[in-house]
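Asker: Spelled out, the chains give:
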Amino acid sequence: MNNLIKGEKYDWEMVIGLEIHAQVKSNSKLFSSSSTKFGSSPNSQVSLVDAAMPGMLPVINKYCVEQAVKTGVGLNAKINNYSVFDRKNYFYADLPQGYQISQYKYPIVGEGKVTIDFKDGTSKDIRIVRLHLEQDAGKSLHDQNPSKTYVDLNRSGVALMEIVSEPDIRTPDEAGMYISKIRSILMYLDTCDGNMQEGSLRADVNISVRKPGDEYGTRCEIKNLNSIKFIKQAINYEAKRQIEILESGGSIEQNTMLFNTSTGKTRPMRNKEEAHDYRYFPDPDLLPLEISQEEIVKIKSSIPELPDELKNKFIEIYRLSNYDASVLTAEKQTSDYFNKTINSDSELKKYAKIVVNWITSELFSLLNKNNLDLNNSPVSPENLGQLIKLISTNEISGKIAKDVLEDMFSSGKTARQIVDEKGLQQVTDQGEIEKVIDEVIAENPKMVEQYLAGKDKLLGFFVGQAMKLTKGKANPKILNELLINKLKK
Amino acid sequence: MKIDKNTINKIARLSRIKLDDKESEDYIKDLNSILDWVEQLNEVNTENVEPLSNISSSILPKREDVSNDTNSSEEILENAPDNLEGFFAVPKVVE
Amino acid sequence: MSKSSLKQTLKDLDTKKISIRELNQDYLKRIKENENLNVFIYFSEENVLKQIDNLENDNSAKKLKGIPIAIKDLFCTKSMPTTAASKILENFHPTYESFITQKLLDEGSIFVGKTNLDEFAMGSATNTSFFGNTINPLSKENEPLAPGGSSGGSAAAVAADLCLGATGTDTGGSIRQPASFCGVVGIKPTYGLCSRWGIAAFASSLDQAGIFSHNVEDASILLQSIAGFDQRDSTSAKVDIPNYFENLDDDLNGKTVGIPKEYSIDGTPMEISQIWEDAIKVLEKKGVKIKNISLPHTKYALPTYYIIAPAEASSNLARYDGVKYGFRSDEIDSLDEMYENTRAQGFGREVKRRILIGTYVLSAGYYDAYYLKAQKVRKLIANDFNNAFKECDFIVTPTAPSAAFPLNEKQNDPIKMYLNDVFTVPASLAGLPGISIPFGKDKNNLPLGIQILGKHFDEQQVFNAAVSLERSYE
Ligand SMILES: [Mg+2]
Ligand SMILES: [Zn+2]
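Protein chains in written order, with the working numbering: chain A, 6 to 494; chain B, 107 to 201; chain C, 9 to 482.
One or more hints might be untrue.
As the list claims (entries may be wrong) - Not close to chain B: a few residues of chain C, all C-beta gaps over 10 Å, as computed:
no.	residue
1	68
2	69
3	279
4	281
5	290
6	469
Unchecked claim - Pairwise CB distance ranges (calculated):
no.	chain 1	residue 1	chain 2	residue 2	range
7	C	423	B	198	41 to 49 Å
8	A	253	C	375	38 to 46 Å
9	B	174	C	375	36 to 44 Å
10	C	248	A	195	39 to 47 Å
What the hints contain is simulated information worked out from the structure, not anything from laboratory work.
We treat Cβ as the ideally placed atom computed from N, Cα and C, and that holds for glycine.
Please build the complete structure, drawing on both the sequences and the hints.
Answerer: Have a look at this one:
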């Protein structure tokens with residue numbers, strides 16, 4: 006595996022670490038009771054605490070703490086019995102308190118790791134440094150008024166889990182796979198809705214480049230990316246930018262960058278020109294957060310099967326490849342759908358690979374075309390199971406099955422219904438097929454001559470003609486065998 | 107002298123307080139004398155002493171995850187020096 | 009000056025010897041006569057009359073029904089603007105009522121006004137207020153005296169009998185020291201006894217609300233009314249609140265008082281050492297065992313405090329930025345300009361000084377040397393008290409190192425001003441309850457205060473010792 010990218014002069018390696026901000030799926034904010042609902046009118050979900058009114062004090066949301074612990078368990082990480090909320094002090098229009106309550110020295114979750122799986126069957130561990138709880142800021146809108154910035158505090162105080170990785174990532178693809186994996190784990194755990202468009206999951210990307218074997222270079226941080234596509238684009242652009250500077254003899258300035266989604270370019274943030282000094286210190290309005298071993302055990306016992314466990318289970322039970330199993334488990338809805346499908350008929354277990362293919366290629370492409378996802382698929386797992394059963398028992402051919410699926414998708418009928426109504430059962434009767442073959446041979450004497458003269462490729466032509474006459478229902482295997490025999494005669 | 111012109115400018119900037127030259131000079135004097143005075147703490151041996159952040163010995167109380175669904179915007183904007191279209195308004199920021 | 013007590017007034021109201029209206033008219037009259045003292049930042053006769061009207065139509069029984077109370081202008085109140093004595097909170101009208109003022113309203117008290125204080129409670133003379141000095145009611149004709157601070161307005165309001173009680177806050181001595189200067193009773197309870205919800209924060213780990221009153225009994229009644237758990241303050245204590253007044257007991261026979269040797273400080277005026285000795289003698293006569301104790305880190309309390317309090321303040325005051333409420337400068341070419349000018353023009357000199365110090369001690373490279381060091385010394389100071397209280401039931405010391413000083417003294421030397429809190433700050437760092445009661449006079453006939461400190465949440469013992477000393481002094 007070669008992860009190097011070519012500059013003008015040298016080969017370079019990217020060194021990438023991600024800080025993912027995942028919004029806790031809670032009803033109310035981390036330190037106040039206002040709602041976290043998305044898309045409400047401006048400043049309609051802002052408590053006195055969120056607006057930093059004089060004398061207002063934070064009170065922590067128990068559920069958010071539990072979700073952070075749960076997520077920590079899902080990241081194979083150490084849960085800290087003792088953690089501390091600190092204030093991170095800086096001024097910004099959408100930061101009403103003048104500080105963000107975060108966790109600095111003592112985060113709620115310590116070191117962990119997640120595994121990403123490649124197509125070639127290999128996999129790689131990305132180490133997690135920590136997960137901590139913190140408040141989100143409000144939102145500044147710079148383009149609503151020619152001379153003013155508008156501030157909406159609806160997001161102010163919403164609970165975030167910041168998940169920080171080690172700089173173990175080496176390519177944009179790995180970065181994409183890593184964030185997909187984190188997203189998958191969060192959604193299995195139900196601790197975050199994973200909605201990147203709405204900003205429930207976003208990432209800061211730290212990136213530097215180096216010649217292979219060198220020390221880490223100076224890194225830049227690209228802020229607040231909310232799609233995997235943008236993450237990859239931003240990394241590619243930023244790596245190239247850094248390489249160009251280095252190859253022309255320059256040096257990288259440690260900088261906070263913004264990514265412009267329309268130009269695909271990164272540029273340094275203008276208003277953060279000065280060095281930061283966040284003056285972290287323990288928030289005196291809050292006491293240390295203590296979690297007992299019993300609480301951790303209780304939370305652990307509530308955790309559902311996670312993608313990696315499920316993946317290994319699928320590999321073991323259904324003999325799937327590592328990659329197939331990881332595709333199947335990447336999203337909970339996919340693995341749920343697979344489970345329901347394969348359990349709809351005891352016979353189907355033998356055809357697990359076929360089930361995977363029908364879900365991940367045929368059904369997915371239909372869903373895609375129609376802008377739907379598995380949760381609102383018109384084809385239920387039971388119906389898909391029935392279709393696959395028809396294929397596996399040779400009642401219909403794979404080719405016809407594709408048409409049947411399309412029909413099921415649009416009409417909502419079952420496979421059985423469609424097959425019966427349209428008489429699509431495969432023809433396996435030898436005599437019937439022989440009759441058709443005879444007809445084809447009789448109608449194409451010249452072709453037969455050419456075939457017999459050695460033009461083997463023409464076999465396909467005869468199969469096609471025969472299929473046409475049977476409306477695709479002839480069993481391809483039997484048809485083939487009989488055809489070869491007859492032609493030789 | 108711990109606090110010089112540079113330092114006072116840096117702290118004033120972090121604190122978002124504009125100081126004129128006269129004030130800077132006064133604060134340099136004040137802060138230096140205060141810092142000299144507090145440095146008597148260096149006489150105290152604090153090896154193996156746990157820092158005390160809050161005197162309370164109780165456990166951090168936690169809230170249930172219940173949201174109130176009242177529309178806050180009127181109350182929240184009531185005291186704002188400048189608000190427009192339901193937003194707080196501040197001078198334009200160029201990011 | 010003979011002042012009626014809260015206890016007596018409640019009886020008089022009950023027996024209809026006096027009506028709520030008559031009572032408060034009396035106070036309104038005195039308030040108007042004493043406008044020169046600059047006790048109130050906000051006073052509105054109309055507002056008071058409205059409250060009287062409302063109470064007259066209210067037939068329910070309430071513990072403090074009709075009692076005129078003054079509120080330090082650090083408590084957010086719905087019916088009166090709240091300024092924290094700062095220009096930066098110009099025109100701020102809270103839409104909410106602080107926990108404590110709500111409790112007082114629920115019990116039927118009448119708020120006569122919002123009292124002056126040092127800006128954001130930072131000061132010891134009520135001379136850093138944007139609204140000018142408050143004058144100590146005990147001043148001589150041509151020699152205005154400071155009422156102490158930061159709750160100087162509240163202390164003066166009680167001293168001038170403009171109310172029957174007042175709320176204050178005490179971060180390093182801001183109730184006890186002005187009580188001593190104005191010759192009234194002031195109690196700062198244990199950290200966490202009274203909710204901080206709705207009180208503009210100065211230093212969150214130290215701020216504690218309390219009470220000023222004419223006497224110890226009144227203080228015990230009023231503290232009862234404002235104490236209690238509040239789920240909106242994560243540092244609020246879940247403890248049972250005894251009925252302090254019912255349980256008052258001046259019999260101290262068999263108790264042990266601790267006398268810390270470190271509180272004998274060079275340069276303390278003779279009269280102060282004298283009243284301290286007098287108090288000890290009184291206690292001894294009452295059968296109290298005198299125990300010489302040591303609080304070895306006392307000397308370091310002030311420098312510790314002047315790191316921790318400004319550090320917390322620098323962060324707590326970051327919310328005053330001209331965006332959500334209060335003052336905004338006119339010079340606002342950019343967001344940063346707006347911040348820097350708003351805060352430069354909105355905050356006074358002492359507040360800025362503390363924000364700058366606090367920012368410095370938290371900044372990169374200095375955190376360990378200053379802030380963390382101070383937190384560790386704070387731990388040692390708290391330990392000193394824990395050890396001492398193994399040997400005694402309460403501790404007695406002077407409240408302040410001087411009597412009320414002339415208004416404009418000590419203004420230019422911050423450290424000299426900070427030394428005012430030398431006897432009060434240690435207990436603040438340890439979160440202990442402390443009361444100051446008037447006990448003797450200096451050579452100019454100005455009142456001096458004795459401070460009684462108790463164990464955490466042992467306000468009852470503090471009141472008992474205080475009432476015992478008070479009764480023997482009268
Ligand atoms: Mg970041
Ligand atoms: Zn973060």
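Asker: Would you list, in rising numerical order, the hints stated earlier that this structure does not obey?
Answerer: Of the numbered hints given earlier, the structure breaks none, since each of them holds.
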